Structure formats: structure tokens, C-alpha cells
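Q: As they're listed, the protein sequences go chains V and U.
Using my numbering, the letters of the first sequence correspond one by one to residues 1 to 263.
Using my numbering, the letters of the second sequence correspond one by one to residues 1 to 263.
One or more of the hints may lead you astray.
The list makes no distinction among identical chains, and a pair is therefore deemed to hold if it is satisfied within one copy or across any two copies.
Said to hold, decoys possible - In silico lysine to aspartate or glutamate, DMTMM-like type, Cα no more than 25 Å apart, as pairs:
(1) K244 <-> D175
(2) K136 <-> D259
(3) K258 <-> E53
(4) K202 <-> D235
Quick caveat, the hints were computed from the structure, so don't treat them as lab data.
Small disclaimer: the values here were computed from a predicted structure and weren't measured.
These are the residues of each chain, in order.
Protein chains: 2
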Amino acid sequence: MRVGYFQFAPAFGEVARNLELVTTRLATVQCDLMVLPELFASGYQFVSKEEVESLAEPVPDGATTKRLIELARDRHMHVVAGLPERQGKVCYNSAVLVGPAGLIGTYRKTHLFFEETLYFTPGDTGFTVWDIGSAKVGVLVCFDWLYPEAARTLALKGADILCHPSNLVLPHCPDAMVTRCLENRVFSVTANRIGSEERGGKERLTYIGASEVVTPRGRILHRAPRDQEDLTILDIDPTEARNKALNPYNDLLRDRRKDLYEL
Amino acid sequence: MRVGYFQFAPAFGEVARNLELVTTRLATVQCDLMVLPELFASGYQFVSKEEVESLAEPVPDGATTKRLIELARDRHMHVVAGLPERQGKVCYNSAVLVGPAGLIGTYRKTHLFFEETLYFTPGDTGFTVWDIGSAKVGVLVCFDWLYPEAARTLALKGADILCHPSNLVLPHCPDAMVTRCLENRVFSVTANRIGSEERGGKERLTYIGASEVVTPRGRILHRAPRDQEDLTILDIDPTEARNKALNPYNDLLRDRRKDLYEL
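Pulled out of the complex, with its shape left as it was, chain V reads as follows (with noise of 0.2 Å):
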């Protein structure tokens, strides 16, 4: 199958804007699986709540997943793509996973990072895997990645591919991704964006692109430039993170001690 991320810089509050410019950038691509990153359509750097209720949108109704449906219908694509969903009074951070046939699934990021506390209602909706019919897929978003437990939870569950849309800052998540791939057998595709924000007085974020594919042998398939625009699409064979055997005498989650795990 084939899989790949948009890796770009989405203009603050610019949503229009910023699905013009990916629904441009992916009009011809030919690939089963695409992931953008976390909040792409409506930028990152909120500096009020009444900022992410103005941008916030119902999941599906709302303007960014229906072009995203559109999207996926023209393209006959899956995608997975982060945006700030509002249920009621309520803003999540989230990411839709949609295909041609609409709206699959939606994931509320569970580990908000810094001022995202201030602004969004912490996940609810756990850690699911849905089958695409290509591949299982569950999504993490961004942050997701410190915590062992959410990569592991979707193993468990046969996810084959972790889908990462991020707005990654500090340096440490490209590398972690291959342990998390090492340690569930599984795929990982994260979806970074660039560009830096600068909003409201706060202090300036300057996001690290390096949006990347990792295979379940944590190799790295392709890693994006820093600071670069960059849409990469490659092949992948998403039964290899079917096997969970390392060699004769050791498979990956059977020999898990949970007896001996206090967590």
C-alpha cells in the first residue's frame, strides 16, 4: 500500500486558506493513506479559549472534514488530519480519519501539551484502531508520543500504522518514533508541520518538520527537511507489522510479563 504526509506551513486562523493549499498540493497524489498534521487547516498557537471556539468545528459537519471527505472521494484515499473540534461548548484537539465514504473515526488527543491545557478539554475517546481495509490504523497526535502506553494500547489493539499529525517543537519525537516502532512492531507515520507562530505576545514557536515513515524494524523510510514544504508518499507493506516474532524464540506482545508490570 501506499502512504505518505504533507508536511507544510499553515497560516494562523487562515482556514480557507489552508485547505485550499492542500486540497492543491494533493490533486493528483495516488496513495491509500495520507497524513497531514496536528491542526493543519486551522494553525496551532491559540491565545484564548474564545480564539479555538471561533475556529473550532463540529466533526463531520464542519467545513475542514467535509473538504477532507472531498477530498478522499476524489483521490479514493484514506486520510488522518488534526484539527480543534467543537462539541457543543466543548473544543477538543482532534484528528478525523476519513475515507471515500466519509467520516471513519474521530481521535481526541489525550496528552495536551502546554497552553493546550488552557484551551482544549482533555481526549476522551481512548485509543481505537480502524480497519481501512489496506491496513489497521490508529491515530496518535503529536504529544501522544511521550507516553508509551498509547502507542502500546493500539498495538494491542492491531493497529498496523501509527498516524501521528503533530506540531512538534522540541527535538526529541523523530528519533523517539523508532523506538516506539521497535517496540509495538508497527508502522509510524508522523505529519509535522513548519513555519513558526508568534501570536499574542507569547513566545515564539518554531516547529521542527521532520515529518517521517518508520517501519516495525525501526528503519527510517524517508525523513522531511526542517524547514521545508515537503509531500512524500512511499511504499509499504503493512503485514510486516503482523509478525510479531523477533526470531524462534521471542514474540513481541506474547512475551510480555503484565504479571510483573505495575503501571
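Knowing the structure of chain V, use the given hints to seat chain U on it.
A: Showing chain U alone in chain V's frame:
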């Protein structure tokens, strides 16, 4: 406090010779905590259960533990080191923690790798944290690195330092320990061995060296060469591992979402 490791090439089955080499090399060290490799005095590549039984030792009355206690007493330090432990007819791939006053604790390797599964009984000790005064320490042995549950259990129990006797042959662990330290905000001291073994017609095992000390912020303070003996001792501040605040909004362990993990 001063922590270190001694990376070297044990000679298989030559327990007295390996103990002598370690005693000589460490004769003048000044440190609080020294970590030696997995199975540092026996060698690693056993080819039969009988061979394991002949080299395994009771703890603390075997020659290896006794010598380690002498060393700890002479140098006023604590030592973590791996050895084949015999308890009746059962053999474990264990590591002992000893101090000037004698044996403090024994950890029996939880996750056995490859043909170790033929020769050793999986550990039954679980993961313990010991307070050695200068720091709280936990022990992982080699392949335990791959299971995030192991390091996490130790961090939740208050470990400042993961002491990690190893005999690594695959390339991924040194980088993965950076992830283990970041995701738990702890130090790690991995003591690996060098050299190779090719015994009883089995495939040659070449050990990768690259012993290292990593900080809670994921900085590699020192990484040893792949193929040379290396005695490294460094100053660290173990209290760095006790502040789990990542920023004013995030506390690493408090922010876990146990209700959403399915482990």
C-alpha cells in the same frame, strides 16, 4: 554523585580471570555507583543447560557476588552487575546490587532473549527500586529495554537511575535508551560488553559496546566505542530525575491517563 560503567570483553567460562580483570581495572575508581555488563564474569553464549548450571552461582554466597561485595567495600561504592544465578536447580539471568555492607538486592531478568529462553527461567522478582543513599536505583537487564513497561514500572516506583547491565548484539538499544530516559525523566547507565563469542557451532555473536550514560532530558553524557574497553565515570545530579514537571502545565507522570490505557 559519580556513576559509571566498565565495558570490556569477558572470556567465556573464565570466571576467576574475569573477576580478576574487573578487580584490577576498578582498583582505584572513585564513584558511588558502578554498573558492569550482563553475565560479566561467566560470559554469555551458553550452549547447554548443563553449562549454565555449572557456571551459575548462588547469591550472595557464590564467588562472583562475594568478589563484588569486596570491591564495593574496598571502593566505598555500590555495584550493579549481571551473573547467572542458581537457586536449587533453577537458573536465572540475574543482576545483583551490592554495597559496602553486602548484598542489597537481586533482580532476575524478566524478558529473556533468544536462546536464553532455553537455559534460564524467566525472572520472578518484578521490578524493585532500592535507595542507596545517593540515589534510588532500579535494574533492567539487556533485552528488558525493549519493553517500556519495565522502565515505566521502575519510574513509577521512584527510580532516579536505571542500571542496565547488557550484552547487546542488535543495534537499536543505545538510541532507544534515550527514549526510555525522556519518557520517564530518569537517568540510565547501560553497561554493555564488547568482543564476540562463537561457541558450540552456534552463530557468532558480536557485542556492540556503546555503553552509555543518559540524562532525564535525553542527553547522552558519554557513549563508549563499539569495540574498545571503556571505563567511564561521570558526575550526575540524581535529583534531576525527581522533577517530573516538563513545563508549568505538564507533569510527566501525573499526566498519564490510566483510564484510557488498555495494557
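Q: So which of the earlier hints does this model not fit?
A: 3, 4
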